[in-house]
Each structure stands twice: as C-alpha cells, then as structure tokens.
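Residue numbers 165 to 263, in my numbering, belong to the letters of the sequence shown in order.
Hints should not be assumed to be uniformly reliable.
DSBU-like mimics (lysine-lysine), calculated; alpha carbons at most 30 Å apart, straight line [said to hold, decoys possible]:
hint	residue 1	residue 2
1	LYS195	LYS233
2	LYS233	LYS223
3	LYS233	LYS205
4	LYS223	LYS205
5	LYS195	LYS205
Hints listed in this document are in silico derivations from the structure and should not be mistaken for laboratory results. Computed from a predicted model, the values in this text were never measured in an experiment.
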Amino acid sequence: MTMLILFLLMTLAVLLYIFYLPGKLYLGPEKTRAAYLRERKEAVYENLRDLNFEHQAGKMPDADYQSLKISLQDEAAMLMAEIARLERLAPPAPGRTRV
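Construct the complete structure from the given sequences, taking the supplied hints into account.
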C-alpha cells in the first residue's frame, strides 16, 4: 500500500514538473512581417549560393539548375518587392529622418 502511494506521488511530481507552466513566459522579441521577409530573403540567397556551388561542382544537370535558379530568383524578387512595399508604408521611426 505504501509503495502504491509512493508511486502515485512520484507520478504526480513528474507530471507537474513536465507540464507546469509559469505565469509569464518570455518568447523572445516579437517578429514583424518585414523581419520575417528579410530572414526568408537571406535563406533564399543562401540557397542560390548553394545551388551555384552544386552546379559548378558538376553535381547537378543544367536543366535542373536553370529551373531551380529561376524559381529561387523569382522568390527573391517577390520578397524584395514585398519588403520595399512594407518599408514605404511604414511610418518613419521617431528621431529618424528620411534622406
């Protein structure tokens, strides 16, 4: 009987330890749409660099290289256009003037 109670207490303690959430969690800085788009743009550029390296190393046929390159360039262009649009719409930060 005491073993059963001990087992139940241990189970309860483990479950509380695993599933207990404190009142406030810090999840990091809030990400804006523009910040997300900039991160995605950097990832696309990195993919383009990797693609060029793979093609130059002879690991990728020309047809595949061209189609992937065009799709990545199109995505980069869309991201840059969206970033530019968001920057035009955003009000200037206090204390900063546009030149």
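We went through each hint and held it up to the structure:
no. : hint            : result
1   : LYS195 / LYS233 : 28 Å, holds
2   : LYS233 / LYS223 : 15 Å, holds
3   : LYS233 / LYS205 : 14 Å, holds
4   : LYS223 / LYS205 : 25 Å, holds
5   : LYS195 / LYS205 : 15 Å, holds
Of the numbered hints listed earlier, not one is contradicted by the structure.
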